[in-house]
Amino acid sequence: MRLTDLVAAGAIIPLLRSQDRDGAVVEMIDALAGVGAVPPKHREEFIARVLEREKRGSTGFGRGVAVPHVKHKSVKTMSVAIGLSQAGIDFAALDKQPVYTIFLLVSPEDQPEDHLRAMEVIFKNLSKDTFRRFLRQAASADDVRSLLEESDGLQIGP
Amino acid sequence: MPTASAKVTIVNRLGLHARPAMEFVDMANAHQSAITVKREEQSVDGKSIMMMMLLAATQGTELEIIAEGDDAEKAVEALRALVAGGFNED
Chain A
1 MRLTDLVAAG AIIPLLRSQD RDGAVVEMID ALAGVGAVPP KHREEFIARV
51 LEREKRGSTG FGRGVAVPHV KHKSVKTMSV AIGLSQAGID FAALDKQPVY
101 TIFLLVSPED QPEDHLRAME VIFKNLSKDT FRRFLRQAAS ADDVRSLLEE
151 SDGLQIGP
Chain B
1 MPTASAKVTI VNRLGLHARP AMEFVDMANA HQSAITVKRE EQSVDGKSIM
51 MMMLLAATQG TELEIIAEGD DAEKAVEALR ALVAGGFNED
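Residue numbers (this note's numbering), protein chains in the order written: chain A, 1 to 158; chain B, 1 to 90.
Among the clues, some could well be false.
[Unchecked claim] Capping the alpha-carbon separation at 16 Å, the derived lysine to aspartate or glutamate pairs in EDC-like fashion look like this:
#: 1; chain 1: A; residue 1: 124; chain 2: B; residue 2: 73
#: 2; chain 1: B; residue 1: 47; chain 2: A; residue 2: 95
#: 3; chain 1: B; residue 1: 7; chain 2: B; residue 2: 73
[What the hints assert, rightly or not] If you want a taste of the chain B side facing chain A, the calculated C-beta under 8 Å gives, among others:
#: 4; residue: 13
#: 5; residue: 14
#: 6; residue: 30
#: 7; residue: 32
[To be verified] Derived contacts from chain A toward chain B, CB cut-off under 7 Å, selection only:
#: 8; residue: 26
#: 9; residue: 109
#: 10; residue: 113
#: 11; residue: 134
Just so you know, the hints here were simulated from the structure itself, not pulled from any lab data. The C-beta atom is built at its ideal place from N, Cα and C for all residues, glycine as well.
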């Protein structure tokens, strides 16, 4: 499984307009709805579930990244939206630092193995210092896409 | 330095997803011992959520929990019980 397969084309937001967590989540769910990865009629439910999940425990796991996620029966295949913030967003992160890079994952409800593999792929990449640093400097969706391809290329094995 | 270890199997249906991984890390951090978690040849720091997510431990996965420090035995037992209890999930 590779990042480039997970990230939905058209759901890369190189500059989030929102400066707060809830707004960023709305922008990212809307981006996924815009490309059909989230059924538009369930848009509000997705937003509510992601935010509810964050309130129970932040997915801002430190190092300036957050990985909000939701499983929903209407999702057919896993998709990731990427949102970048220049100013940094308060995600109530574990290390109390602002978040600059958000990977939002939507998964089908009944495929826990795939969900865990997707999280593994996301974390494997986000744990690389250079990948995080270059992402923060990316100015366009194309920049982000090339970084994903490059990072995937560096992976060894399947 | 006292060390202790235990093997344990992931029993909850959703596996070691973010919430249980966080519970594990919190409990690991509540102990002074260094905690290592092994899945086959892969070894990660049990006090780091980023590292724990790399295990992609699905239901049925066997993990080895290794602690090194004065409270090693207590730490291993607490973590083993947490995993074996399925993190209070189904």
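Against the structure, the hints come out as follows:
1. A:124 / B:73: Violated, at roughly 30 Å.
2. B:47 / A:95: holds, 13 Å
3. B:7 / B:73: holds, 13 Å
4. 13: holds, 6 Å
5. 14: holds, 5 Å
6. 30: violated, 15 Å
7. 32: Not OK, violated: residue 32 of chain B not within 8 Å of chain A, min 20 Å.
8. 26: Because about 21 Å separates residue 26 of chain A from the closest Cβ in chain B, which is outside the 7 Å limit, the hint is violated.
9. 109: violated, 10 Å
10. 113: holds, 5 Å
11. 134: violated, 18 Å
Of the numbered hints given earlier, the model fails hints 1, 6, 7, 8, 9 and 11; all others are met.
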